[in-house]
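**Q** In case you want the letters, here they are:
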Amino acid sequence: MSASRTFRVLPGFRLTLGYTLAYLSLIVLLPLGAVFLKTATLSLAEFWTVVSAPRVVATYKLSFGMSLAAAAINAVFGLMLAWALVRYAFPGKHLIDALIDLPFALPTAVAGIALTALYAKNGWLGQYLEPQGIQVAFRPLGVLIALVFIGLPFVVRTVQPILEDLDTELEEAAASLGAHRWQTFRHVILPVLLPALLTGFALAFARAVGEYGSVIFIAGNIPMVSEITPLMIITKLEQYDYTGATAIAVVMLVVSFALLLLINSLQAWTASSGKTGTGRDR
Amino acid sequence: MSIQVRNIRKAFGDFVALDDVSLDFPTGELVALLGPSGCGKTTLLRIIAGLEQADAGQVLLDGEDASGTHVRERQVGFVFQHYALFRHMSVFDNVAFGMRMKPRGERPSERQIRDKVHELLALVQLDWLADRFPTQLSGGQRQRIALARALAVEPRVLLLDEPFGALDAKVRKELRRWLRKLHDELHITSIFVTHDQEEALEVADRVVLMDHGHVEQTGTPEEVYRHPATPFVYGFLGAVNFFHGRVDGSALRVGDDVLPHASQEFDAGAEVIAFARPHELDLVPDEQGDAGEIGVGARIARILAFGVTARIELDGLNGLGGKSSGQHFEVELTQQRVAELNLAEGQRVRLLPSRLKVFERNGTTGASA
Amino acid sequence: MAAATTLAWTGAARADAATRFEAQAATREAPWVKWLILGISLAFFAVFLLLPLVAVFVEALRKGWETYWSALAHDDALSAIGLTLTAAAIAVPLNLVFGVAAAWAIAKFEFRGKHFLITLIDLPFSVSPVIAGLIYVLIFGAQGWLGPWLAEHDIRIIFAVPGIVLATVFVTFPFVARELIPLMQAQGREEEEAALVLGASGWQTFRHVTLPNIKWGLLYGVILCNARAMGEFGAVSVVSGHIRGQTNTLPLHVEILYNEYQFAAAFAVASLLALLALVTLTVKTWVEHRAGSGTPSSKAQQDAAS
Numbered sequence: 001m002s003a004s005r006t007f008r009v010l011p012g013f014r015l016t017l018g019y020t021l022a023y024l025s026l027i028v029l030l031p032l033g034a035v036f037l038k039t040a041t042l043s044l045a046e047f048w049t050v051v052s053a054p055r056v057v058a059t060y061k062l063s064f065g066m067s068l069a070a071a072a073i074n075a076v077f078g079l080m081l082a083w084a085l086v087r088y089a090f091p092g093k094h095l096i097d098a099l100i101d102l103p104f105a106l107p108t109a110v111a112g113i114a115l116t117a118l119y120a121k122n123g124w125l126g127q128y129l130e131p132q133g134i135q136v137a138f139r140p141l142g143v144l145i146a147l148v149f150i151g152l153p154f155v156v157r158t159v160q161p162i163l164e165d166l167d168t169e170l171e172e173a174a175a176s177l178g179a180h181r182w183q184t185f186r187h188v189i190l191p192v193l194l195p196a197l198l199t200g201f202a203l204a205f206a207r208a209v210g211e212y213g214s215v216i217f218i219a220g221n222i223p224m225v226s227e228i229t230p231l232m233i234i235t236k237l238e239q240y241d242y243t244g245a246t247a248i249a250v251v252m253l254v255v256s257f258a259l260l261l262l263i264n265s266l267q268a269w270t271a272s273s274g275k276t277g278t279g280r281d282r
Numbered sequence: 001m002s003i004q005v006r007n008i009r010k011a012f013g014d015f016v017a018l019d020d021v022s023l024d025f026p027t028g029e030l031v032a033l034l035g036p037s038g039c040g041k042t043t044l045l046r047i048i049a050g051l052e053q054a055d056a057g058q059v060l061l062d063g064e065d066a067s068g069t070h071v072r073e074r075q076v077g078f079v080f081q082h083y084a085l086f087r088h089m090s091v092f093d094n095v096a097f098g099m100r101m102k103p104r105g106e107r108p109s110e111r112q113i114r115d116k117v118h119e120l121l122a123l124v125q126l127d128w129l130a131d132r133f134p135t136q137l138s139g140g141q142r143q144r145i146a147l148a149r150a151l152a153v154e155p156r157v158l159l160l161d162e163p164f165g166a167l168d169a170k171v172r173k174e175l176r177r178w179l180r181k182l183h184d185e186l187h188i189t190s191i192f193v194t195h196d197q198e199e200a201l202e203v204a205d206r207v208v209l210m211d212h213g214h215v216e217q218t219g220t221p222e223e224v225y226r227h228p229a230t231p232f233v234y235g236f237l238g239a240v241n242f243f244h245g246r247v248d249g250s251a252l253r254v255g256d257d258v259l260p261h262a263s264q265e266f267d268a269g270a271e272v273i274a275f276a277r278p279h280e281l282d283l284v285p286d287e288q289g290d291a292g293e294i295g296v297g298a299r300i301a302r303i304l305a306f307g308v309t310a311r312i313e314l315d316g317l318n319g320l321g322g323k324s325s326g327q328h329f330e331v332e333l334t335q336q337r338v339a340e341l342n343l344a345e346g347q348r349v350r351l352l353p354s355r356l357k358v359f360e361r362n363g364t365t366g367a368s369a
Numbered sequence: 001m002a003a004a005t006t007l008a009w010t011g012a013a014r015a016d017a018a019t020r021f022e023a024q025a026a027t028r029e030a031p032w033v034k035w036l037i038l039g040i041s042l043a044f045f046a047v048f049l050l051l052p053l054v055a056v057f058v059e060a061l062r063k064g065w066e067t068y069w070s071a072l073a074h075d076d077a078l079s080a081i082g083l084t085l086t087a088a089a090i091a092v093p094l095n096l097v098f099g100v101a102a103a104w105a106i107a108k109f110e111f112r113g114k115h116f117l118i119t120l121i122d123l124p125f126s127v128s129p130v131i132a133g134l135i136y137v138l139i140f141g142a143q144g145w146l147g148p149w150l151a152e153h154d155i156r157i158i159f160a161v162p163g164i165v166l167a168t169v170f171v172t173f174p175f176v177a178r179e180l181i182p183l184m185q186a187q188g189r190e191e192e193e194a195a196l197v198l199g200a201s202g203w204q205t206f207r208h209v210t211l212p213n214i215k216w217g218l219l220y221g222v223i224l225c226n227a228r229a230m231g232e233f234g235a236v237s238v239v240s241g242h243i244r245g246q247t248n249t250l251p252l253h254v255e256i257l258y259n260e261y262q263f264a265a266a267f268a269v270a271s272l273l274a275l276l277a278l279v280t281l282t283v284k285t286w287v288e289h290r291a292g293s294g295t296p297s298s299k300a301q302q303d304a305a306s
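Residue numbers (full-length UniProt numbering), protein chains in the order written: chain V, 1 to 282; chain D, 1 to 369; chain B, 1 to 306.
Where hints are given, some of them may not hold.
[Claimed, not checked] Keeping only pairs whose Cα atoms sit at most 25 Å apart, straight-line, the calculated DMTMM-like set for lysine to aspartate or glutamate is:
#, chain 1, residue 1, chain 2, residue 2
1, B, K34, V, E238
2, B, K215, D, D131
3, B, K34, V, E130
4, B, K114, D, D14
5, D, K102, B, E260
6, B, K215, V, D97
7, B, K34, V, E46
8, V, K121, B, E260
9, B, K215, D, D93
10, B, K34, V, D97
11, D, K323, D, D267
[To be verified] Pairwise CB distance ranges, derived in the manner of DEER restraints:
#, chain 1, residue 1, chain 2, residue 2, range
12, D, Q58, V, A258, 49 to 55 Å
13, V, Q135, B, V97, 54 to 60 Å
14, V, A40, B, F116, 20 to 26 Å
15, V, L37, D, T135, 49 to 55 Å
16, V, R55, B, G241, 24 to 30 Å
17, B, R207, V, L44, 30 to 36 Å
18, D, G307, V, E169, 22 to 28 Å
19, V, L44, B, F116, 25 to 31 Å
20, D, E198, V, L177, 50 to 56 Å
21, D, R177, B, F116, 23 to 29 Å
22, B, T282, D, Q136, 27 to 33 Å
23, D, E110, B, S70, 57 to 63 Å
24, V, L44, D, F15, 33 to 39 Å
25, V, V76, B, R207, 46 to 52 Å
Note that these hints are calculated values from the structure, not bench results. Beta carbons are placed, not taken as given, at the ideal position from N, Cα and C, and that holds for glycine.
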């Protein structure tokens, strides 16, 4: 007698997969598809006019430029922070470790007004920076600071577990072969961390590109100076220019999807390189 | 309860795990499914349990087709390779699980459950661990709890997947003996899967040897060890030496050397492969490297003389020049014989088999000489 | 694109790493390097993370407790609290059920396109919140596909509560699923199979074996999901219409107050959300700790077995 090829001894496969696909389609896929359908009502030339308008292009430069810079800053300082949290014992360590996730938990609007309170002309830090000629609020620098804030945990939290899993033997071997501490870091530790560091960088960058709430308060949203791309979409919407808003959204979505693919392959790389030596999974 | 499997086929994608396997497991026997990893033995066990479904073929439990019976209703006890103890439950709750899951009408009272659990824990000699959690147990203890849990539902058959696979050598040996004893007390039809030939031969009433989804041989441990049906079985059940040769009358030509061979089963000129276990080979000194003498030329590489018997490792020599043939041999001799021959490392000798098992090359027909 | 944090690693492991590495000269930096790294990273932490948090509370209380309380007790604030709780109360259970179903299908069964499905589930994290709002405007808005039909039947979704709930569901969509999928994959299906062999039904297996094994991961996902649901700003901002007392959530209320230069009131409401964040972090840390001590990693199990 022939058996069905889809035999599964655990129950509920059809039910759960069916539900998953239905819910996913309804909440995520169909609505996202709507964006592309809406853009299809534009001719290519119209689309190009919208997405290449000087004011819009200025927002790309700001959004992508500051996101890259913020991710780079976070890669450096996030790595240091992760290193300190894993390698050193110091008072208050557990508290700091828990607070690293603050940007995940703190609503972006709250972060936005708090940063503005700090960096505005007469703010806590702004009052000292302004006389030095450093303007933060309502300038690209303000955008950068907000993006550093929201991106930091991505780097720390991707690098930290890899650092913890590192075998002391690796470094002992390097030392026994005559390597200095810096050489050991540069040639032994950093290559192991690299996939995770790049993943954290990419995650921070991807988040920064789409970020809205924490940026708009400190940015001041001056056209051609401190206007980010997501805000451009809102501006178009408020002018009832739905197709314009959608066209810009498509540009952002395409970038997001590309980043998602990049991150996925980076994470696969992290998983495969992190597994050598320590058998965390059975 | 007896188990029969009839013409079972199972493939995972392109990989054929079981290819037309038919077997009988008589009531009350303890049978070992033995083979290298990937031979299909675990798949067969899971199909019998109902955890996997065959692409074709039948599983008969007590003569009745069980193909339509869900694993829940098959009343099999299954012991998983990694035990699969419920990590959030105490040992007691693990063992009680099967009874507590019964429909309300059939479910024993908590009191009955308690008695039964303690009875089973006593049987596996771990009554004192009832309140522990799986993570607090040693591997051997987990193994026995898993067995007690499987027995709690009064299974008609007991299936064990690599029951000793994850244990260290000493615990393994103890548990082997213990499982045999337990089976002699309970007499439940049991099948266990293993890749360790010593384990299979020592514990089981009968051994089923499998390779590449086929059954190679079935028999008592004595039968399969003494009379291996195929080169695979011969090779799998212990250390072997082999010689590629050609049948020439009553002799076997191995390169330029000759081995005696009495069997008439092979045509002259047939290409064969001959096996001998280490204790079935003797050594004779051969300082000159005479060609044409009886026996295969070799040079002693190492003598390991610390056991009851001595083990001698040799490099095969090829023909007159005495060049290394790249083949290695292992011979087991009594200490007395080693002393008698006055063997030394580097010495040239000839290998003389006292018993040869000959198979046709690429074939399965065999003959003893 | 939130939640790079997962339960995969435990507090216990973090504690000994420092002692492990600092014990030997070979894995230790010179003191001045150590202090330099510690100094820079802690200063960075203080300026970029700690200071904004402190600023929220200080600014909230700048005009005294009375102003603080009156800002929170204002009708608009109370209705914003109500709406925020409502949105979370709908979005979290929906995504919880989805997360469990998706994790069951993905972790316990083999099928084609699994990795692609996981990527799709992660999708809402990589979409800008503004776009998350926009997509629903395009469908349900006055000029959207369903707009005319909805207007005809007098159903309001955009600039109304349903739109806010939808946007919240979208942005919190992956939280529970992405927490459970790796956890359940690591746990395998042997325990479930064992339960079935012992005669348990599918539901009994899930209830008595699977659920206890994933409870900490589930709780973890729910906490993160809830925090985001209550704090979401961008997506909700697009679909809300900012109607005071009706379609204002707490984060939107903060924005309105701030833009009206009622700074103390804005920070007072913001401090409520900041408290929520601190509670979230506390519970999250506690769950990490519990999960770490309750279910030892497979590594520890293997150590015990040998």
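**Q** Does each hint fit the structure? Answer for all of them.
**A** A quick look at each hint next to the structure:
For the suggested pair K34/B and E238/V, the alpha carbons sit about 52 Å apart, so the restraint of at most 25 Å is broken. This hinted pair checks out: K215/B and D131/D have alpha carbons roughly 22 Å apart, not beyond 25 Å. The hinted pair formed by K34/B and E130/V fails the criterion: a straight-line CA distance of about 33 Å is larger than 25 Å. With a CA separation close to 20 Å, the supplied pair K114/B and D14/D stays within the 25 Å bound.
With a CA separation close to 66 Å, the supplied pair K102/D and E260/B exceeds the 25 Å bound. Simply put, K215/B and D97/V have alpha-carbon atoms about 23 Å apart, close enough for the 25 Å limit, and the pair holds. Distance check on the hinted pair: K34/B and E46/V sit about 57 Å apart at the alpha-carbon level, beyond 25 Å; violated. Under the criterion of a C-alpha separation no larger than 25 Å, the hint pairing K121/V with E260/B is consistent with the structure, at around 18 Å.
A C-alpha spacing of about 18 Å is found between K215/B and D93/D, which places the hinted pair at or below 25 Å, so the restraint holds. Restraint check for K34/B and D97/V: satisfied, since their Cα atoms lie roughly 18 Å apart, inside the 25 Å limit. Under the criterion of a C-alpha separation no larger than 25 Å, the hint pairing K323/D with D267/D is inconsistent with the structure, at around 31 Å. Judged by the Cβ atoms, the range 49 to 55 Å given for Q58/D and A258/V holds: they are separated by roughly 53 Å.
Taking the beta carbon of each, Q135/V and V97/B are about 49 Å apart, not inside 54 to 60 Å as hinted. A hinted range of 20 to 26 Å holds for the C-beta pair A40/V and F116/B, which are about 24 Å apart. The hinted range of 49 to 55 Å is satisfied by L37/V and T135/D, whose Cβ atoms lie roughly 54 Å apart. For R55/V paired with G241/B, a C-beta distance near 25 Å keeps the hint of 24 to 30 Å intact.
At about 56 Å, the beta-carbon gap between R207/B and L44/V misses the expected band of 30 to 36 Å. G307/D and E169/V have their C-beta atoms about 36 Å apart, which leaves the hinted 22 to 28 Å range violated. Restraint check, L44/V to F116/B: a C-beta distance of roughly 29 Å satisfies the suggested window 25 to 31 Å. One distance hint, 50 to 56 Å for the beta-carbon pair E198/D and L177/V, is violated here, with the actual separation near 42 Å.
For the pair R177/D and F116/B, the beta carbons lie near 51 Å from each other, so the given range of 23 to 29 Å is not met. Evaluation of the 27 to 33 Å hint for T282/B and Q136/D yields a pass: the beta carbon distance comes to about 30 Å. A C-beta distance of roughly 59 Å is found between E110/D and S70/B, which places it inside the suggested range of 57 to 63 Å. At roughly 49 Å, the beta-carbon separation of L44/V and F15/D lies outside the given 33 to 39 Å, and the hint is violated.
Distance hint for V76/V and R207/B: a CB-CB separation of about 48 Å, consistent with the stated range 46 to 52 Å.
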